[in-house]
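Asker: In case you want the letters, here they are:
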Amino acid sequence: MTSHILSWIIFTPLIGAFTILFVPKSSAPLIKWIALATTAVVLGLVCHALTLFQPGLSGFQMMERTSWIPQFNVQYLLGTDGISFPMVGLTAIISLLACLASGSIKERHKEYFFLYLLLETGMMASFLALDLFLFYVVWEVVLVPMYFLIGIWGGPRREYAAIKFFLFTLAGGLFMLLGILSVYFAATPHTFDITQLVGMPRSLIFQQVVFMAFFLGFAVKVPIFPFHTWLPDAHVEAPTPISVILAGILLKMGTYGFFRFSYPLFPEATHWFQPTMATLAIIGIVYGGFVALAQTDFKKMVAYSSVSHMGFVLLGLAALNANGFRGAMLQMFTHGTITGGLFLLVGVLYDRSHSRDMNGFGGLGAKMPGYAGILTFFALASLGLPALSGFVSEFLVLLGSYQYSKLATGLSTLGIILAAAYLLYMVQRVLLGKLNPKWASLTDIKFVEILTLAPLMVLIVVIGVYPSMILNYMIPTLDALLKTLKV
Amino acid sequence: MVTANHLIWVPVLPFIAFVVNIFFGARFLKERAAWLSVATSTVACVIALPICWAVFRGAHFANDFTWLMLGTTPLKFGYLMDPLSATLLFMVTIVGTLIQVYATGYMHGDPRFSRFFAYVSLFMSAMLTLVISNNYLLFFMAWEIMGLCSYLLIGFYFEKDSAANASKKAFLTTRVGDIGFLLGFLTLFTAIGTLDFAQMNTLLAGHVGHTALNTGLLSMAALFIFCGTIGKSAQFPLHVWLPDAMEGPTPVSALIHAATMVAAGVFLVARSFSLFMLVPNVLPIVTAIGTITAFMAAFIALTQNDIKRVLAYSTISQLGYMVTAMGLSGLGAGTFHLITHAFFKALLFLGAGSVIHGTHVQDIREMGGLFKKMPHTAVTFIIASLALAGIPPLSGFWSKDEILLSAFGSGNYLVFGVLLLTAFMTAFYMFRLIFLTFFGQARNHDVHAHESPALMTLPLWCLAVGSVVIGIPGSPFMHHWFQKFMAEMVHYPEYEPSAVVMACSIAVAVLGITLAFVMYLKKTTWAPAVAKKFPSFYRLSFNKFYFDEFYVTYLIKPFHALGRLLFGFDANVVDGGVNGTASVTMFLSGVKQWIDTYIVDGFMNFLGTAVYFLNSVTKRFQTGVVQNYLLLAFLGFLVFIILELKLT
Chain A
1 MTSHILSWII FTPLIGAFTI LFVPKSSAPL IKWIALATTA VVLGLVCHAL TLFQPGLSGF
61 QMMERTSWIP QFNVQYLLGT DGISFPMVGL TAIISLLACL ASGSIKERHK EYFFLYLLLE
121 TGMMASFLAL DLFLFYVVWE VVLVPMYFLI GIWGGPRREY AAIKFFLFTL AGGLFMLLGI
181 LSVYFAATPH TFDITQLVGM PRSLIFQQVV FMAFFLGFAV KVPIFPFHTW LPDAHVEAPT
241 PISVILAGIL LKMGTYGFFR FSYPLFPEAT HWFQPTMATL AIIGIVYGGF VALAQTDFKK
301 MVAYSSVSHM GFVLLGLAAL NANGFRGAML QMFTHGTITG GLFLLVGVLY DRSHSRDMNG
361 FGGLGAKMPG YAGILTFFAL ASLGLPALSG FVSEFLVLLG SYQYSKLATG LSTLGIILAA
421 AYLLYMVQRV LLGKLNPKWA SLTDIKFVEI LTLAPLMVLI VVIGVYPSMI LNYMIPTLDA
481 LLKTLKV
Chain B
488 MVTANHLIWV PVLPFIAFVV NIFFGARFLK ERAAWLSVAT STVACVIALP ICWAVFRGAH
548 FANDFTWLML GTTPLKFGYL MDPLSATLLF MVTIVGTLIQ VYATGYMHGD PRFSRFFAYV
608 SLFMSAMLTL VISNNYLLFF MAWEIMGLCS YLLIGFYFEK DSAANASKKA FLTTRVGDIG
668 FLLGFLTLFT AIGTLDFAQM NTLLAGHVGH TALNTGLLSM AALFIFCGTI GKSAQFPLHV
728 WLPDAMEGPT PVSALIHAAT MVAAGVFLVA RSFSLFMLVP NVLPIVTAIG TITAFMAAFI
788 ALTQNDIKRV LAYSTISQLG YMVTAMGLSG LGAGTFHLIT HAFFKALLFL GAGSVIHGTH
848 VQDIREMGGL FKKMPHTAVT FIIASLALAG IPPLSGFWSK DEILLSAFGS GNYLVFGVLL
908 LTAFMTAFYM FRLIFLTFFG QARNHDVHAH ESPALMTLPL WCLAVGSVVI GIPGSPFMHH
968 WFQKFMAEMV HYPEYEPSAV VMACSIAVAV LGITLAFVMY LKKTTWAPAV AKKFPSFYRL
1028 SFNKFYFDEF YVTYLIKPFH ALGRLLFGFD ANVVDGGVNG TASVTMFLSG VKQWIDTYIV
1088 DGFMNFLGTA VYFLNSVTKR FQTGVVQNYL LLAFLGFLVF IILELKLT
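Just so you know, the protein sequences line up as chains A and B, in that order.
Anchor point for the first sequence: position 68 equals 68 in the numbering used here, and the numbering is continuous, going up by one each time.
Anchor point for the second sequence: position 513 equals 1000 in the numbering used here, and the numbering is continuous, going up by one each time.
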């Protein structure tokens, strides 16, 4: 098992998915338990891989290489490093917790959990694939279950949201495919192997064009302004656990793509694109913040806050220095935990009240003290309170971007003030003030729901108090990447 | 035996109390939650005081560990015990503990009793971390956690909309300043490559007058860091949150919004003093902000009727004093006033709390004649007021005198004049408060006042003693020991004590008290007459210079409007573009479908129809009757014959 640990991580969910197919439709509890056990096993495997992972190394580890389509030199090539491993860990954790939170799914359990596990396979493989062709395939594999998960179990406008999500990502993905093929044909010998492709000389104009092609693919996923409008719709319509997956993991696939492919493959184009990247980051941060401030729908507010927070990842990426990269990587992880938690909390409230209108709530702090405490905690984490993880990542990003551009840093701090504004405004409208008599019968948060949130809270506090714990895994790889970029 | 390494327990102990109280307080501890908080705070005090004492006698402690790598620079977290932190630690542990003892009585019977003490313990932990922290980042982290505690405690009675609004306002307003602070130390890190206080001091100390460092960048850093002070210490123009913060329970007002947290802003300037000394062009700005704040807040305090609001504006005014002192390079004077102010202002707030506890009203117009009913409260309150007004030999006199001396000695006579005027107003509004509250006739007979329990009056007396004696170390009786002690750390200009300054200071204080005595006890018709005589001044003061209205109209509303505007843009333009693309695609595919149906497919169908038609024509010839074929063959033959003949 140890020698093929990454394959085990990828295919265990698939095994679980096919096991579910053999269970009769009527035994829903069994299906749930299989799904839960599968995701738990995956987390166990990732923990096992963590013991094998050597944080001091900067290159790929635990690589697996098999020829897949020899005619085109396509390989089944897996490997992990300080950039992908934290994402794998995040995927395993969020998948388990979102699975635990899938109690709100009331129909067609068999299909739901089958697709859910298929999705996990796709996500894991996306973070572990080192062959561009394989990467493209698994990238698209993620799309299909997601489409159905939103389209079948979603809210009233689910079909619209699902199609919008699918077409947006697919369109971006096609540009990426063109980019992949260009890289393939430009390389001698023709290869999709990322370990060989990095470091090959490419002309600037080629780099620029192909960088843009990859950019379109990743920009949709992050999402970067103006490709973000699928996100609020998808989030609002998706069922709670799927929103959590979407915000917690899928968005990171975009920024991960920059770290893994765009940057090392096209170092000169990266420098050329730096100002644009910074500009887009700031637009995302400020614009997302302002729009979040205007929301009355709880879930939509969290969705737009994601746009703003992912802007910090981009800003760190744009900084092209050690602190910026560290901050960006850390922000990817912490945003997954914090925003994932916020979506879970929106779900907790929605399950009880069937409403997401923030203006309609009020005074729940007295009625649901446990919920209020946890929601306040996540709101504070999201607005970047020190000693919680969001602060460290934003601080590192700002420190990095400050070395690049004072103006960019100054403008982006507006996003931090806005974050405090929209989150505290939310807390006030939902929790404070007089209790709306309409909600007098709401019950406080249940143990199972706390169980989905507690691990995230632990992670947020631990990383916030001692960030080196996770940063030590990332730093060697990121520093090596900087060397590739010659800065 | 307490050693410096036990210092780590000083912030950790209250934190443990926070964790225990927040998780187990409501269910298991209940009223005992208070004792846990008080006990941890007391133990922290017991640990801290010997260490402070050692520092007062010249010792120096520091310890750290690497917390995070910033690029290749290690960022080390740890504690730094120098004269400044020892002074603050001394004050915070003592005042903090006394306030918690008081709160045990004040909060008795509150349904969220344990949560209150959890928050207070978290605050203590953060404040103590801030005081002993050795670098800007740790300082900032503690600073923000204090902001959080302030938010939670202002909104403690969150069912009240006013409390919920005030807490949000406090957090957001200070956050504006905090972002400045954050940018400030980012700039500093870029300029000198460290966030460590001790390293910064050594690095900058060697550079006074040299141009080896980028002074432009350092000025920017100092200016931005000062933004943090403006926010946290409620300086003009970000002072608006502090009066509203009085929505919180009174011990909170004393602990956070008078004695400790708001002083952290001044402490920040003191901590960055070597930086400010290096960039002299920033100091006048600091002085200006401080002086404007001191005057403006005192002016507003003249006409307020809520007992806590008067004290809140007084706090803003006194913080302005401290900031002015810092701006005038008076590190010793500013820090000294910070300490004395903490004692007497905490006492004033607790006294006000005792009055509210005993009367259940906050409007001073409904009080009157409380002296006999609440003797302990009244006497201690008067002691504190005398200290604040600057009557010798109480503590406030010595520290205020030092600040006035800084202004006078450095030749800033305008500042000196404004500060004197402020001192006059301070004496006036404080004694207006006292005469209206404790003397004269009871104006509302529904108020049945009673003295507070010993648990509350005992801390009052302790603080009263503090208010009297805490000024001694900085007075001529101890040869200005405190100022010299501070100067050991960073060198700053000192001035010879001046009899003129002292005389002016005493004169304005006595004048202010006398005027208040006349206007509010003897000739009670004067006050309304004055208000009528100067209506615009009165309205300006009563309406707090219309700051809130200004911010709401020109800042908050436009922000929300911009949010809605951008959301409209997002929904209509950006998403409209997306949906438009979809619609255009659908339309085009409709057109293509039409083309497909009627042209492409139409052509094909036409071909089919044509073939079918031709076929239907030709098939008529295929009759299967031999005679017809022969006839046709014969006709064909005839045609050929004719053609052949014609051609030839």
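Calculated directly from the structure, the hints in this document are not laboratory data.
Treat the hints loosely; a few may be bogus.
Stated by the list, open to error - The calculated lysine-lysine pairs, modelled on DSS-like cross-linking and capped at a C-alpha distance of 30 Å, are:
(1) A:K483 <-> B:K1044
(2) A:K106 <-> A:K446
(3) A:K406 <-> B:K1044
Unchecked claim - Just a sample of chain A residues kept apart from chain B, beta carbon distances all over 10 Å, derived:
(4) S3
(5) T19
(6) K32
(7) G151
(8) V198
(9) V209
(10) T229
(11) G360
(12) Q428
(13) P455
Glycine included, C-beta positions come from ideal geometry on N, C-alpha and C.
Asker: Each hint needs a verdict: does it hold in this structure or not?
Answerer: Results of checking the hints against the structure:
1. A:K483 <-> B:K1044: Given that 30 Å is the threshold and the Cα spacing comes to 48 Å, the pair is violated.
2. A:K106 <-> A:K446: 18 Å, holds
3. A:K406 <-> B:K1044: Judged against 30 Å, a Cα distance of about 28 Å means the pair holds.
4. S3: With a cut-off of 10 Å, S3 (chain A) remains clear of chain B, as the shortest Cβ separation is near 33 Å.
5. T19: The assertion about T19 (chain A) holds, with a minimum of 39 Å to chain B.
6. K32: For K32 (chain A), whose nearest Cβ neighbour in chain B is about 30 Å away, the distance exceeds 10 Å, so it holds.
7. G151: 16 Å, holds
8. V198: Fine: 23 Å to the nearest Cβ keeps V198 (chain A) off the interface.
9. V209: 23 Å, holds
10. T229: Since the minimum Cβ distance to chain B is about 4 Å, T229 (chain A) lies within 10 Å and the statement is violated.
11. G360: G360 (chain A) clear of chain B: closest Cβ-Cβ about 16 Å, beyond 10 Å.
12. Q428: 5 Å, violated
13. P455: 17 Å, holds
Hints 1, 10, 12 from the list above are not met by this structure, while the remaining hints are.
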